[in-house]
Structures are given as C-alpha cells and as structure tokens.
Amino acid sequence: SPSFAADKINVGALRFTSHSASFVAFERGYFKEQGLDVTFKFFQAAQPMAVAIASGDVDFGVTAISGGLINLANKGAIKVIGGALHEEAGIDGQMILVSKKAFDAGLTKPSMLKGHSYGITQAGSSFHYMAHKIAQKEGFAGSDIKVKPLQKVGAIIGALKSGQIDAWSIVPHIAKGLAKSKKVMIIGKVADYIPDYQVTTVFTSADNAANKKDLVKRFLTAFSKGADDFNAALVDKTAGDQAAEDMVKLIHKYVYTSRPYEKAAPSIRNGAMRINKNAKLNVTNVKDQLAWFQSEGLVSKDITIDTLVDGSFVETY
Amino acid sequence: MDLHLEAISHSYGNLNVLKNINLDIHHKEIVCIVGPSGCGKSTLLRIIGGLELPTAGKVLQLGEVPADTFNPLTYIFQDFALLPWRTVKGNVSLALEEHGLSGSEMEATISDVLARTKLSEFADALPRQLSGGMKQRVAIARALSVKPAIMLMDEPLSALDSQTRELLMDDLVDLWVREGFTAFYVTHNLAEAVRLGHKIVVLSRRPGEIRDIVSIDIPLNERSAFAHDLETKQKQLWDMMREEALAADQELIDE
Amino acid sequence: MDLHLEAISHSYGNLNVLKNINLDIHHKEIVCIVGPSGCGKSTLLRIIGGLELPTAGKVLQLGEVPADTFNPLTYIFQDFALLPWRTVKGNVSLALEEHGLSGSEMEATISDVLARTKLSEFADALPRQLSGGMKQRVAIARALSVKPAIMLMDEPLSALDSQTRELLMDDLVDLWVREGFTAFYVTHNLAEAVRLGHKIVVLSRRPGEIRDIVSIDIPLNERSAFAHDLETKQKQLWDMMREEALAADQELIDE
Amino acid sequence: MNKAVTNQTSNSIQNNGPDHSSARPVPFRGGGFQPKPIRGVAPFVFIGLIAFWEFGSQTGFISSLVLPAPSEAFQAFRELVESGMLFIHLSASLQRLLIGWICGTTLGIIVGLMIGLSSIARAGLSPLVSAIFPIPKIALLPLFIIWFGIGEGSKVATILFGTFFPTVITTYGGVDNVDRNLIRMGQSFGLSWSSIVRKIIFPGALPAILSGCRISGSIAIILLVAAEMIGAEFGIGAYILLAGSLFATDQLIAGVAILSTMGLSLAWLIGRAEKYFLNWRT
Amino acid sequence: MNKAVTNQTSNSIQNNGPDHSSARPVPFRGGGFQPKPIRGVAPFVFIGLIAFWEFGSQTGFISSLVLPAPSEAFQAFRELVESGMLFIHLSASLQRLLIGWICGTTLGIIVGLMIGLSSIARAGLSPLVSAIFPIPKIALLPLFIIWFGIGEGSKVATILFGTFFPTVITTYGGVDNVDRNLIRMGQSFGLSWSSIVRKIIFPGALPAILSGCRISGSIAIILLVAAEMIGAEFGIGAYILLAGSLFATDQLIAGVAILSTMGLSLAWLIGRAEKYFLNWRT
Ligand SMILES: Nc1ncnc2c1ncn2[C@@H]1O[C@H](COP(=O)(O)OP(=O)(O)OP(=O)(O)O)[C@@H](O)[C@H]1O
Ligand SMILES: Nc1ncnc2c1ncn2[C@@H]1O[C@H](COP(=O)(O)OP(=O)(O)OP(=O)(O)O)[C@@H](O)[C@H]1O
Ligand SMILES: [Mg+2]
Ligand SMILES: [Mg+2]
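Residue numbers (this note's numbering), protein chains in the order written: chain A, 1 to 317; chain E, 1 to 255; chain B, 1 to 255; chain Y, 1 to 282; chain F, 1 to 282.
Don't read these hints as lab results, they were simulated from the structure.
Keep in mind that a hint or two might mislead.
[To be verified] Just some of the chain E residues that point at chain F, by a computed CB distance under 8 angstroms:
1) Gln-61
2) Leu-62
3) Leu-237
4) Met-240
[To be verified] Here are the in silico distance ranges between beta carbons for each label pair:
5) B:Ala-247 with E:Ser-104: 39 to 45 angstroms
6) B:Asp-174 with E:Thr-55: 39 to 45 angstroms
7) F:Gln-34 with E:Glu-251: 44 to 50 angstroms
8) F:Cys-103 with E:Arg-242: 43 to 49 angstroms
9) A:Lys-217 with F:Trp-268: 57 to 63 angstroms
10) Y:Thr-106 with A:Ala-243: 21 to 27 angstroms
[Said to hold, decoys possible] With the C-beta cut set under 7 angstroms, the calculated list includes, among others, these residues of chain F facing chain Y:
11) Ala-42
12) Val-45
13) Ala-51
Note that the structure is predicted; figures quoted are calculated from it, not measured.
We put the beta carbon where it would ideally sit given N, CA and C, even for glycine.
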C-alpha cells in the first residue's frame, strides 16, 4: 500500500532461470504491490547465499537443500519457508548425462552407473543426493558410484566433456546444450528416480520467520505471483507466444546478460521448470533429503524437520 | 671541558673487554688510543661518549660544558655513518635539526662548515657519488657543525686507501693548527698515532689494560721536521705491540 | 717465465682506462704498480692474467712455462676471495681439484703449503672464524699450492688493519727471501711499494699511463737498514702523486 | 743512495725488448657469468609463442577444449571492451584492490615497525603473525561472509588480510636490517627516539618495505579471484569465475590475461617508485 | 729527541687527578633499538588468546555463528583423530604437497640457474615467468582439469605451478647476487665452467634458494586448499572445503589450525636446514 513507506528487503539470487519468479515479481511490480522495496544481491553459488542470510545481509533466497543449509538451520540461523523448483512428470526436468567416452564404452543406461564416476560440486550437494537416489532405485549401494567433488559446475562440465568423469545430472537447458556438442549423451531423467523432487526451496532467516511473519507472507505472495506468470508463459505455455516472448525478454535482463538475446532465448526456454504454485512445499521429499544427509553423516542425527522447515506459511504435502 | 675516566672496566657477559682504565683528556689535546684488534678500543670510545654503560667505573665531565656546543661529545666513525638517502647538506643538517635553529642560521652554519672542509661544491651530492675520502670529510663537517667540545674518532681513516689517508691526515693537522680541537683518536696505525697524537695510550690485548702512555711534545705542524724521531718512536711502539698483534690476529672467532 | 706487456690500452665503452702500457717482468722480480684511485690498476692486472681482453695491445709469455706449475698466472685478491662455505683446507684444495692429483698427493701438497704459511692448526676452520690477516694468509697458501710462475696481487693488504699489514708484509718478505717469487703487486700504499718492490711503476690518473718506473736495487731482506733512503724515495713518489690523488679523491662518481 | 735506487723512463724499457721467438700470448679465461637482458627478445618470445599457439589451434593440433585459440580469447576481450563491461569490471576490481591493499599495507607497516622496534610487540605479535600467515584466505571465506558481510567489506577484508601479513614480515625484516651504526650515530648526535625512527629507521627500511609491496601487490591480485567469490557481480575475478563456471575458456583466458597485465603493470609501477624513492642506492 | 718525546706511566696520570667539584658523569644516550624475542611470551600469548576466545564463546559474547569455541574446534579435531581420518587426510595432503613441492622446486632451481647463467634463457624465459607468475592458480582450475585430469595430476600440478615460479625468481636472484669476485677467482685458477657452477655459484646461491623454499613451502600449503578443490575425497584441503560448504565452522577451524601447524613445522624445518647447510654464514 503506497501510503506506507515500503519495507526494504534484500533478495539473494543466482543468475539462473530457476530464480525467475523473483525477477518477474520485481519487474512486474508484484513486490511493490506488497509494499516491498526489493534489492537483488547476486551470488556465484548457493552456499554463500545461505551464509549471507544467516549473517543478515540477505533476507530471502532460493536454493537447493544442502548440508550447509541444514547446518545453518541447526545453528538457528535460517528456515525453509516454501518450495520453488519442482520436478514434475511431463515437463523436462534434470537430466542424467554421460561422457561420450563412457557412452561408447557401454554406459548407456542409468542402471549401469555402478562403479562409474559421477561429478558433484561438493559432498552434500544436490548432485550427491541425486547420485545416491539413482543408486538406491537401481538397487546398488550409493558408495558404488564414485562421486568426484569438483566445486563448480564449470569444472564438472570440463571434466565431463573431456571424459574424466563418466556421469552427471543437471538442469535441462544445460544438459541439452551439452548434448548438442556431441561430447556428452543424455541417458535418463532424474524425475524417474526421485518423483516429486523438491529441487529448490525458499528460505529466510530464522528471525524473519519468527518475528516478521507478515513480511514473509507478503514476500511469498509476490513471489508466487511471479511464479504463476512464469509457469503460464514458459512451463504450461498457456499464455500464448507473445507472453512467452515477453517473459524470455524479461528474464534475459538477469540471465545470460553477456550473450545476445537470440543465443540466450533458447537456453532460457529450455531451462524452464515448474516453480511450485503458491510456493507449496513437498515436505515429504524434504524429509527424505534430510534423512539422506543424516545417513551420510553430513549433518547431525538430532536435527528434526521442524528445525529446518517452518511450514506455517505455505501449503505442505 | 675536560674528561676524566675513572677505573673503567667492562665485560660482555663472560668476555672481559676492558680492565681498570684511568685516563684524562685536556682541552685541545689529541689522545690516540692504539692496541691490537679486539682489545676494546671501540668499546672504550662508546663508553666515553655515553653510548654504552661500563660494568664498573665512570666517565666524568670536568669544568663547564661550552655554552655554544650542541653536542659536547661527538663521534666520527670508521664507516662514516652517513645517511645514504640524504645529500651532503642533508647529512650535516641532521645533526642540527633538533636544536631549534632558524632556517637562515641553519643555512649559515652548514655553508660555513662545508667551506671549512672544502665541501661547498659537493653540497648536493649523495654519499654514493663520493669517494671514501670525501665521505669522511662530510662526517667531519657534520661533527664540526655541532661545535663539539670533544671529538671521539674511531679509526676515522682506516676505511680509506693509503693515499687518501695521507690527504685527510694533512687536513686534520691543518684543522687542529687552525682551530684546535680536543679528541680521542682510536687507531691501529702507529704512523697516524705519532703524527696526530699528543698522548698515545697503548692498550694490551683483551681485556684491554693501559700498558703505557707515550707523550709527544712536538707541535703538530712541526712534526714533519722531526720525521726521524717519530719513526723511532713508532718503531718502539711497534716492538711493544708486535707480539700481541700477532696473537690477536691468530685468534679464532667463535660464533 | 717472463711476461712482456706490449702497448696495452683499454677502455670500457667511452671510458678510457689504460693507455699504451709497455712493461716487462723478470724471474723472481716484484713489480709494484702504484697510482691514484680508479686509474686502472686492477684492470691492468686482470688483463695481465687473461681475465680481460685489452682493447689494444697484448700480453706475451716469454720462455717456457715451468713444467710443475698448475696455474702459471695466479691471483691474490684484495678481498681474499675465499669460499665462505669451505674450510681453510677446502679452499686450498679448490685450486688443485681439477689437476688430477691423487688423494695423497693432494693431502701432501695442502699440508705442505699450510705449513709454509703457518696455517696448519687452522686447516679445519671456516673463513668466518678467521681474522682478516689469517684469511689473506689462506689466500696466499692457495696461490702457492698451484706453484705459480707469476703471482698477480691486487692490493693484497689493503683490507687489513695496519698492524696486521705489518705482520703480513714481514711474511711476504720472508717468503721471497726463502723461496723467491715473481709478482705484480698493485698497491696504493707507497710504504708497501718501497718495502717490497724491485721496480715501482707509477701510473698517472685515468687513463692510466706509465709516468715513471723507479727501481730499487736493495735486496728485500736488507731494506730495514736503508730505512732513510726508502723514506726519501717514498716521499719523492708521494710528491709525484699527491696532486693526482687529490683530484681522484674529489671526483664525483656517476651512475 | 744513488747506488741503491735508480729511475728509469718507460722508454728505456722498450729498448731492451723481449726475445719474441718463444713468445706466446696469455690465454684468455675470463668473461661470462653476466647474463644481460637482450633487448627485443621479450616481445619476440611473446609474439612467437602466441603465433605458435594460434597456429596449433587453427590446425586443430591444440584442441579448443584444451585451450582456446588466442584469437578467440582476444575476441572475448573485444566483446568485453565493446559491451563496456571491461570498464565496469576493472573499476570494481581496482577499487577493491586499492582499498584492501592500501589498508593492508599501511597496517602491515605499522605493525611491522612495532615488532621491529619493541621487544614486547615482537614477543607478542610475531608468533601470531607466523601462525596466521600460512592460513589460506580461501578457507576462511565462509567466516568472512559472517564477519564482514557480502558487500565490499568481505572482499576488501580478504585482500587486506592477504597483504597485511607479508607486509608485516618484510617491514620488520627491513627494520632489523637497518645499519645499527647509523642508529648509533643518531644517538651520538642526541637525536630523539622519534627522530631516529623517522629519519633513520624508516628510510633505512624503505627498500625492504617497497620490495614487500611488490610481493603484497602480487598477492592482492591473486586474491582478487578469491575475494570476488563472495557475491561479487562485477570485477575481473567475478568475470573469471563466471567464465570458469560456464566453462567459457575464451573468456577465462581473456580474464587471466587481464590479471597478468595488472601484475606486470604493478611490477612496473613499483619499479618506478623504487627508482624515485631509492635513487640513493648504488 | 728526549725533549720532544717522553714516556709516562699510567700511574703518574692518576696523581694529578681532577678537580671533582665540577665533575658530572657523561649522560647515557645509547642502548635500545634491538628488540630481543622474550622467551615464554609466545605460548603465553597463544594460551591467553585462546582462553579469551573460549570465555567469549561460553558467555555468548562471541556467537557460535560468528566463531565456534576453541573447545568445539578441538572436539572436531578429536573426532578427526579418533575416526582415523586425520591420518588419511594428512597422508593424502602430504603426498601431494611433497611431490608437487619437490618437482616444482627442482624445476624452479633448474630454470632459475639457466636464467641466472645464460643470456638467451634470461631474455626468453624471464619475461614469461614474470607474466605467468601473477596468474592466480585458482582461476586456472577449470583448465587444469582438462590438462591434468581430476586425479592426483591436477592437484600436484597446482602445487607444482605455485611453487615453480617463486623458486625460479629467488634462484636467479641468488645467482645474480653471488659475489662476482669469487667467480673471477675461480676463473683465475682455471676452473672449468661446470666446476664454477657447482662449486661457486650453486653454494653461493644456496641461501637465496633456501629462503625461496620457505616462501614456496608456504605457498604450497596455501594452495593445498585450491588443489583439493578438484575431485579430492581426502586431504586437509578437502576436509576444510567440505566443512566450509557444510558450514561446519568447528571443523573449519580445526582444519585451518592443522594447516597453520603445517606452516609452522615447515618454517622450523627450513630453519634447521639453514642452520645445517649455511653454518658458514656469519
Ligand atoms: N655488543 C657486543 N656484545 C658482545 N661482544 C661485543 C660487543 N661489542 C664488542 N664485543 C666484543 O668485545 C671485544 C672488543 O670489541 P671492540 O670492538 O671494542 O674492539 P676493538 O679494539 O675496537 O677492535 P678493532 O680493532 O677490531 O676495531 C671484541 O672481542 C668483540 O667481539
Ligand atoms: N667492468 C667494468 N665496466 C665498466 N667500467 C669499469 C669496469 N671495471 C672498472 N671500470 C672503471 O674503470 C676505471 C678503472 O678501474 P680499476 O678498478 O682498474 O681502477 P683501480 O686503479 O684498480 O682503482 P682502485 O685504486 O680504486 O682499486 C674505474 O673508473 C672503474 O669505474
Ligand atoms: Mg674497533
Ligand atoms: Mg683496484
């Protein structure tokens, strides 16, 4: 409401298509409608963003659930308050990739990953989780996949292209881009192994969640409106071509800015995955993720789902 | 102002360096101190100038300190001790800067003292541009600028080649004849000692004790006429010291 | 073996250092070279020993090189040039290592030469433990070990204090009297020159030219008896050089 | 006396000249061991190397996966220039560099002087410095975010930390190496403690401090990448990191070349400063 | 002559002693400017600091988010020891360190000697070294993966690269500083080129080379973290990185303390080596 001075908040973001909901909400004035004066803080990686929320430099962020996030929640610094990116049958989700070398040597199905190397950024990252879930479903031990921590997505891409690691899983637009180079093959979908995978979540500082419930609600409302526009334009494609085009243009202001629009557009379109309506949160899957972290000894066994998630803001299932 | 050294002894830890030194210096007198390497000559000079406290004994100033002196006891060092980053002028001014002189007084003092040491042309040269002899002239100029009551000279010529040494020795004789100055003059060189000293104090090997004090009454400017006498004196001093010099030379230096 | 210097001139870029030097040295003769600072004495010695090629002229070896010498032209340097990481023995052996001596021959040569320079007790000392005088004795021992035909000595005593210098001068005289050696001996010190030289070559200021060659026929071991003659000679040399020494001293050193 | 001492002119020597039959010139055995930088070779080496690299890339002998062609890197650089981003990245980085480096160096000099001058400071601080110095700043990044935030603070702090310790060490090394005779000279002329520090010790330690700057400057540039890991949108380090994470090797090489140029410029600048401030050295 | 020169004994001097009425002792103005390390202060400082830190953490004055208590870090360290992982991490890291450092140093010394001895090598290589030295290794990690793989190769290569360049620079600096008079002496005794290099130049450059080792050793330890970013499961660097990404600050501090200890041990070792090899220095 314009009669009040707007609340100033900082929103952490990565320059990825998956963060589009915030960009849309900002560009289309949904934050303003909620009386929020948003400043974006951009990061190179999700982990520092989580730390920045803990330190109070950033109020809201969107990222995958990682060991670092859980530990910060355990220190009473942050809370997960909603869901964002979500794997859904029928929509291109994260894909399982193998190097040409490994493919030629016979690694053509995820079931054959046993004994192969698999790129991850860090132990306890979402990639690590995905690798283990694949193993679980295919009926062998997680440790039978040799995970290689390489810190950065770029490093994993390099290692995969040059055949130094055999497999990896990544969001669709990157996967498709890589597959075009013919050095990398797509052999499966993550969605087949982790149904209803809650890939990323919305989170805020524990202080905000406890003491500024109204602010959090307003943020989630605006965020959801942005997500709706995004889903309609690029995921469900129900808004028409013009709306899709406009949406891509809007997102291009934030993502792939160093590339010309013509080159960036396909990547943005390919990268569109469902962002949960109304920031619904798949707590079942989050619990599974938490359990996995605990079973790997990456986080303390004493942490409960309530330490991590504050389910009072959105619908959970 | 005279100085009186009373029963000075000094040791560094277990190393006895000086033993019971009693000595006087009087106005306009040059006292040369000779002795073998490592016998404590430099240490003695440091004690005299208040740069080191003796283990025992004391150094006393007798009579009034002259009113116009800025630094009654002033050193001239073997290695010149010029600040390499200051010009000749800057090095001289270093000694004067803390005495509240006005700019023009300072200028006047410096140019006077540079003229007296024939350095006027070199006022803006840096030490690295000067030969060893010129560097030591600058150090002498700096010492003169504070109008010292007594100069403490630690082998001022021994870093110079022997021709330059001859030239500077002549300069020092000239200076003494013109203005007269009081000095303790440490040296290894007996020719220097007999040329410049009114009294020559011969120290023994470490721990340095006074073995003998030789007085030479010939006025400095007349000494060239008495070359033969001085030569004999020098030989006598050398006979006194030869053994000890040899022993000092052959000593192994421990860490 | 004699040496003959024929019309040697040398320049470094535009800097003319030596001009038309003609000079001979004969067996068992010590030729002293004196001259003001920077007149090219060291350069001349480097040219004689084949360490530097003169711009013009040549150095000729006359007669046979003695069969038993390992290094006909051998230097002794002002700064001793001892390897600080080798003991006295190690420093001497450095000069011998490349001549295919057996272990025992090497041992024998080293201990002989250390004995002759009274260094036997110090065989295992490192240079840092030695006084300047001892260091130069080691350098002399090293030079003697290769049985040189001619020694090239560049101010061998000028880094030493004057007492040690006296001692080493005596040693050199002894050595010459006992064994006889041939040497070019560069020095600033006229007293040294008249004490050791059979011929004294006086160089002018840069570019160094021969101003005069003074011969002294008194045998080395009898010179102390002729002290007065030598003194007169020395004074004469000094009068010849004084002006130039002063000018050389006052020169500014450019980068 | 005339019997004992005679004069000869140099002419008379030449007359009784030598028997040239057995005369051989003294063999030359000097020279060498003084490599001189040969002018013009350096650019030649660089150009040759780049030409070879380009040739290798063009012919496919060097695969573009292994190393992009220099022309591609140059193209990336041109895009950077034309988009106007070079200026933005450079100014962001230079600002961080300058602030971090100036603060780190200033503090380092102060603490270095303290350690060099006081026994208590030396006893208390120097072991701390030795213990903290070998800690890689990159390991502390998560803590730096908590301590200094995600803004310029933590970036500047990373560079500050990185330059502070080497400056402390070189400064107190420099103070230790100031000729004690000069200090004694100062005392002998009755100079006050502060005069001795200002007029003798500081200028005497300046060569060491400047060569410390050379080191800390390189470290600062190297740390730029680490510093800009923390939520930096602009900056050469951020550009390189982004290029690395996109595996855009052409941009990566372009960014690295910019850093290398920065390093060389810094070395040149400090060389000039040394020429200017230390012209008194031989 | 007796008139001109007389002898006095030192006793006769004392007799005509001074007039003590106006006698004042010469004021002392020397001393100082020689800070000595005071023994026992260093442990005291460390213990004091850690005690203060622990106290701050216990009372909540230092929040555990900002810095974990030393006791927590120590607990993490104990867990590391008890799980047997310390040994695994340490041996993995030490192996990389040693191989990388030894190869980097050896190559660096060889290239440094070449630059120090030959004009052509100097002209060709030294500008390359200056241009490549300031490149942060961390920026090149993506390329290192392509070039050296994700196994031990790229980790060792990172450390090798990091140590090679400073060693080259210090080595040729050392060669340049070898007293030319010693080399001339060697030539004057007819020593061969190789003897001069082995017996004069190498030992003469050894002090510089060893002090270069001090630097390159610290750099190697610092680079351990960067090196182990690439596909390392074990290693102190990997342990720290994991701790950082999990925001397990207790483990982070424990890991950093291990690195710091490694740095101090290395400094101590090189100090011993210097004592042993350079006992000829004053
Ligand atoms: N600060 C010091 N600490 C310990 N020992 C010292 C110190 N200064 C001098 N010495 C020792 O005291 C002895 C005398 O030293 P000093 O410099 O006074 O002798 P010197 O007669 O001047 O010698 P030289 O003729 O070589 O100049 C020497 O053995 C020296 O090693
Ligand atoms: N390698 C060189 N390159 C250029 N100039 C040189 C070189 N060596 C010597 N000079 C210059 O040549 C001149 C003569 O030098 P040299 O060392 O031969 O003189 P010197 O008579 O031995 O002097 P001193 O009495 O000081 O030992 C000096 O001006 C010196 O600066
Ligand atoms: Mg002394
Ligand atoms: Mg010379």
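- [ ] Against chain F, run the beta carbon of Leu-237 (chain E) and see if the smallest gap drops under 8 angstroms.
- [x] 11 angstroms, violated
Task: Range hint compliance [Cβ, Thr-106 (chain Y) to Ala-243 (chain A), 21 to 27 angstroms] - done: 56 angstroms, violated
Open item on the list: Range first: 43 to 49 angstroms. Now tell me if the beta carbons of Cys-103 (chain F) and Arg-242 (chain E) are that far apart.
Closed with: 60 angstroms, violated
Task: Supplied distance hint 39 to 45 angstroms, evaluated on CB atoms of Ala-247 (chain B) and Ser-104 (chain E) - done: 34 angstroms, violated
- [ ] With chain Y as the partner, please determine if Ala-42 (chain F) meets the hint condition of a C-beta pair closer than 7 angstroms.
- [x] Holds - the Cβ of Ala-42 (chain F) comes within 7 angstroms of chain Y, reaching about 4 angstroms at its closest.
TODO: Please verify that hint: Val-45 (chain F), Cβ, nearest Cβ of chain Y, below 7 angstroms or not.
DONE: 5 angstroms, holds
Task: Outcome of range test on Cβ distance (Gln-34 (chain F), Glu-251 (chain E); 44 to 50 angstroms) - done: 26 angstroms, violated
- [ ] Using the beta carbons of Asp-174 (chain B) and Thr-55 (chain E), state whether their distance is inside 39 to 45 angstroms or not.
- [x] With Cβ atoms ~42 angstroms apart, the hint holds.
Task: Consistency of beta-carbon spacing, Trp-268 (chain F) to Lys-217 (chain A), with hint 57 to 63 angstroms - done: 59 angstroms, holds
TODO: Using Cβ atoms only, decide whether Met-240 (chain E) comes closer than 8 angstroms to chain F, and label the hint accordingly.
DONE: 11 angstroms, violated
Task: Interface hint status, Leu-62 (chain E) versus chain F (Cβ within 8 angstroms) - done: The hint holds - Leu-62 (chain E) has a Cβ within 8 angstroms of chain F, the shortest such distance being about 5 angstroms.
Task: Supplied contact hint for Ala-51 (chain F), tested at 7 angstroms Cβ to chain Y - done: It is violated, given that the least Cβ distance between Ala-51 (chain F) and chain Y is near 15 angstroms, above 7 angstroms.
Hints 3, 4, 5, 7, 8, 10, 13 from the earlier list are contradicted by this structure; the remaining hints agree with it.
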